[in-house]
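Chemist: Letter by letter, the chains look like this.
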Amino acid sequence: MKAVVWQGVNRVSVETVPDPQILQPTDAIVRVTKTAICGSDLHLLDGYVPSMVHGDIVGHEFMGEVVEVGSEVRKVKVGDRVIVPFPIACGKCWYCQKGLTSLCDNSNPNPGLAEKFWGYSPAGLYGYSHITGGYAGGQAQFARTVYADANLFKVPDGLTDEQVLFLTDIFPTGFMGAENCQIEPGDVVAVFGAGPVGLFGIASAFLLGAERVIAIDRFPERLEMARTYGAETINYEEENVFELLKEMTGGRGPDSVMDAVGLEAQAHGLLGVADAVKQTTRVLESDRPHALRAAIMACRKGGTVSVPGVYGGLADKIPLGAFMNKGLTMKTGQTHVHRYLDRLTGYIQRGEIDPTRIITHRLTLDEAPHAYHIFKHKHDGCIKCVLDPWADPKDHEPTPAPQPQG
Amino acid sequence: MTRKDYEERPQSGRNSSPAERVLFGSIGAGLIALSLGQRGQVGTLLATGGALLVAGAAMGQGLGETVTGVRRTEDDQIKVEKAITVGMGADELYTFWRNFENLPRFMDHLESVKVQDGDGQRSHWVAKAPAGTSVEWDAEITADEPGRRIAWRSLEGATVPNEGAVEFRPAPGDRGTEIHVSLTYRPPGGTLGATVARLLGEDPNVQIEHDLRRLKRLLEVGHIPTTEGQSSGRKGALKAEARMYDNRRTS
Chain U
1 MKAVVWQGVN
11 RVSVETVPDP
21 QILQPTDAIV
31 RVTKTAICGS
41 DLHLLDGYVP
51 SMVHGDIVGH
61 EFMGEVVEVG
71 SEVRKVKVGD
81 RVIVPFPIAC
91 GKCWYCQKGL
101 TSLCDNSNPN
111 PGLAEKFWGY
121 SPAGLYGYSH
131 ITGGYAGGQA
141 QFARTVYADA
151 NLFKVPDGLT
161 DEQVLFLTDI
171 FPTGFMGAEN
181 CQIEPGDVVA
191 VFGAGPVGLF
201 GIASAFLLGA
211 ERVIAIDRFP
221 ERLEMARTYG
231 AETINYEEEN
241 VFELLKEMTG
251 GRGPDSVMDA
261 VGLEAQAHGL
271 LGVADAVKQT
281 TRVLESDRPH
291 ALRAAIMACR
301 KGGTVSVPGV
311 YGGLADKIPL
321 GAFMNKGLTM
331 KTGQTHVHRY
341 LDRLTGYIQR
351 GEIDPTRIIT
361 HRLTLDEAPH
371 AYHIFKHKHD
381 GCIKCVLDPW
391 ADPKDHEPTP
401 APQPQG
Chain G
1 MTRKDYEERP
11 QSGRNSSPAE
21 RVLFGSIGAG
31 LIALSLGQRG
41 QVGTLLATGG
51 ALLVAGAAMG
61 QGLGETVTGV
71 RRTEDDQIKV
81 EKAITVGMGA
91 DELYTFWRNF
101 ENLPRFMDHL
111 ESVKVQDGDG
121 QRSHWVAKAP
131 AGTSVEWDAE
141 ITADEPGRRI
151 AWRSLEGATV
161 PNEGAVEFRP
171 APGDRGTEIH
181 VSLTYRPPGG
191 TLGATVARLL
201 GEDPNVQIEH
211 DLRRLKRLLE
221 VGHIPTTEGQ
231 SSGRKGALKA
241 EARMYDNRRT
251 S
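So the protein sequences, as listed, match chains U and G.
Heads up, the first sequence is in full-length UniProt numbering, so the first residue is 1 and it goes up one at a time.
Heads up, the second sequence is in full-length UniProt numbering, so the first residue is 1 and it goes up one at a time.
Among the clues, some could well be false.
Claimed, not checked - Lysine-lysine pairs mimicking PhoX-like chemistry, simulated, CA-CA at most 20 angstroms apart:
id: 1; chain 1: U; residue 1: Lys2; chain 2: G; residue 2: Lys235
id: 2; chain 1: U; residue 1: Lys331; chain 2: U; residue 2: Lys98
id: 3; chain 1: U; residue 1: Lys116; chain 2: G; residue 2: Lys235
id: 4; chain 1: U; residue 1: Lys77; chain 2: U; residue 2: Lys154
id: 5; chain 1: U; residue 1: Lys75; chain 2: U; residue 2: Lys92
id: 6; chain 1: U; residue 1: Lys246; chain 2: U; residue 2: Lys326
Hints were generated in silico from the structure; no laboratory data involved.
Only chain U is shown next, with the shape it has when bound in the complex (with noise of 0.2 angstroms):
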């Protein structure tokens, strides 16, 4: 089958693998219809997060149809339509079983080396690295899933792959941002960063109940999009941020702040050369949390502070004075995707949230080293890339890859 292979910093290509096999009987292989290029992919792309290898299959927004299962496997049948979320579950230890599924317990097939860099091992990932247990992703022809009856969704008649696919990740991500915001009646969110799980945040901010959303960013078109569900904009190279939200909100600061920009924020200035230069030694520090900076520091008095956004290690100058005396609570977490699906399903369903919007490039598998190029460079407008694993590329011919840089 046709994967996309991380390849090194950089790097990722497009390579005829071998096809995926039922390794346990709880597993099921997925013949992949749809999938996606997801932010926090970037920060695989770019190296910051420790223990891929050369030849790891990446991807964990992808969705299709079940080819084959695993003898224990009994929700979930051949020809069934299917998400797969992100994090994996067990379905059974005290984690999954509170909803806490991207904290399970026993899915990590390399728990020790989580542990070494957190202390303790949240939940195995697809297509995530190493540390997140190693597993093959699903930018690819098939997918092995794994603990089929706790993971795999069947999709509901008379929804495309497209209504569905951001429901493996970035819609739920989005919503439990919102939802980490605590929003009471009458609140103002702020939320920087415009990019998908940006806008999830922004649409379900307003879906519980806030009654501004502001967002902050620095691209013409995500803030175009942003504007188009409802929220107010800050370019923030063109004004002060911190200034400008106080003004916006009456003196008061935004009730809360979601940091969905995550380990790789742009700074200006002597902090964010200094972020900058440290992170590229992968040793100083492995997170720029130049937007989570920002989001302590604009926080109102006694507001909350969410992050769905990815951190992998340590990061400097987080201003803990202001967090402390300003009384703030932080509420952070990789998605528990399992959680929210029948919430989000509704949604779709009733036509209250239409995910394709922020779809706005769609390509052959083959053109992923081009995908994930303008994806990570803003090229095109790209805001959201989805990957149709089997069109054939004869049909739509494939943009030429980019030069690997830096």
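Assemble the complex: chain U is given as a structure, and chain G must be docked to it using the hints.
Modeler: Chain G alone, transformed into the frame defined by chain U:
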């Protein structure tokens, strides 16, 4: 393992054996002697290394054990204590463990345990040892409190004299049962032998932790997750790179 048992076998403040202190002290002194004939950075490095080793030996803090974290008791035995919480009742867990023949299902270094007589007090253990060999011993149960605690110890003649205890404590809320395991053993070559074994990858501390995790996964889910045999774009030497990270090395 109760607090009382623990106190009966106090941990030593020092973590290296006398033999080790002599060995590393001598190496340190040798390095300092070597450094006298060297100039520049090489001399400084040798002298610094030598001084560290001598200081470590003098304080009884062996470098090897400081790095590997070996804990020893005052009578030069190795002690390992680990705990895990499993989402099941204490009675079920006790029953599973009390049948010692189940132990090799999750204890990777055990080849087999055979219960020898009718009431299951005595058992014969076979464990894997380095270089494809094995060690065997007989053990007897020394304490047995259904649903709460089992303790055992090896009988006279064991190559590696050892004793162990497992306690099942109800976890708060609906979290299941805490399993607390304590093992004490005297390895061939004393703590120095244990340090060498640990540096070669035979680390009981890590082994017990992984064994308990395997037990949890076996009982909660039915099997241990794996990625062995999955597809990848790896060729040749890259396969070894992936194995550095992959399961069965770290779980």
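Chemist: It remains to establish, for every hint, whether it holds in the given structure.
Modeler: Quick rundown of the hints versus the structure:
| no. | hint | in the structure |
| --- | --- | --- |
| 1 | U:Lys2 x G:Lys235 | holds, 16 angstroms |
| 2 | U:Lys331 x U:Lys98 | holds, 17 angstroms |
| 3 | U:Lys116 x G:Lys235 | violated, 28 angstroms |
| 4 | U:Lys77 x U:Lys154 | holds, 10 angstroms |
| 5 | U:Lys75 x U:Lys92 | holds, 15 angstroms |
| 6 | U:Lys246 x U:Lys326 | holds, 15 angstroms |
Comparing the model with each numbered hint stated earlier shows that hint 3 is the single one that does not hold.
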